[in-house]
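Asks: Construct the complete structure from the given sequences, taking the supplied hints into account.
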Amino acid sequence: MSWRVSDVAESTFRLRVKYQKAGRLRHLSHLEVVHSCGRAARRAGLPYAVTQGFSPHMKVAFGPALPVGTAGLGEYLDLWLSSYVPSGEAFEALKAASAPGLAPVQVKYVAEREPSLGAALTIAKYEVVMEGGEVLAEGLTSSFAAIIAEGVLAVDHKGKPKVFELASALPKEPDVCTIKERTTVGLAVRIGERGSLRPEALVKAALTRGALDGRIMSVTRTELLVEQDGSWRDPL
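Numbered according to the working numbering, the sequence shown spans residues 1 to 236.
Be a bit skeptical, because a hint or two may be false.
27 Å max Cα-Cα, derived BS3-like pairs, lysine-lysine [said to hold, decoys possible]: (1) K180 - K59; (2) K18 - K108; (3) K160 - K125; (4) K125 - K162; (5) K158 - K95; (6) K160 - K95; (7) K172 - K18; (8) K158 - K125; (9) K125 - K95; (10) K172 - K125.
The set of hints was computed from the structure by calculation and includes no laboratory data.
A quick note: this is a predicted structure, and the numbers were derived from the prediction, not measured.
Replies: Quick look at the structure:
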């Protein structure tokens, strides 16, 4: 099925898409993700709205960018449509047109009055998998506790130190667990316009603090959440 594409009209439909960035495609840059998702929307034949002005383009907005090499299980974009398409049909069309590593997981229409993804998404959850068993896990737990007790953490950012107030940047203590010879660190960090504490930076600081031997195998952003009335919720 195909739908007509037109300029942004007085009434458009804001389709929120939850998608993954996985497998080999985790190595894509954010710009490459933007281009790939745009091509998928075109291949799907969805009636995407087009911005007006000197350089018209698809009206779409993305959530916080993922670093190259970091996978994402619950990433988000908002795509404006110029005519209504049932969400089930839109999902199936996007899924058929997307690469497996950038496939949609869920879609839902949201109100135009909803805040932008950049403003709404303020909590990111990560999973860091490392080589090492119980000794590493115990050392990391102690190191995290010592770093959090200090209240601040300075990390290198483009050759300059950047200081994070951990009470704000790290709203929840890291969760460390071990399965066989793999240690997994679960982290929740606060994100915003001023940037966020990267999970690798915190883990590396803990390794250095405890003189620990551990190698990061993978980093995955598992969730992006909205902070509301003291609790966290899914943006869908």
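Asks: Now look at each hint and say whether the structure bears it out.
Replies: Comparing the hints with the structure gives:
no., hint, result
1, K180 - K59, "violated, 47 Å"
2, K18 - K108, "holds, 9 Å"
3, K160 - K125, "holds, 26 Å"
4, K125 - K162, "holds, 21 Å"
5, K158 - K95, "violated, 37 Å"
6, K160 - K95, "violated, 42 Å"
7, K172 - K18, "holds, 24 Å"
8, K158 - K125, "holds, 24 Å"
9, K125 - K95, "holds, 25 Å"
10, K172 - K125, "holds, 10 Å"
Checked against the numbered hints listed earlier, the structure breaks hints 1, 5, 6; every other hint is satisfied.
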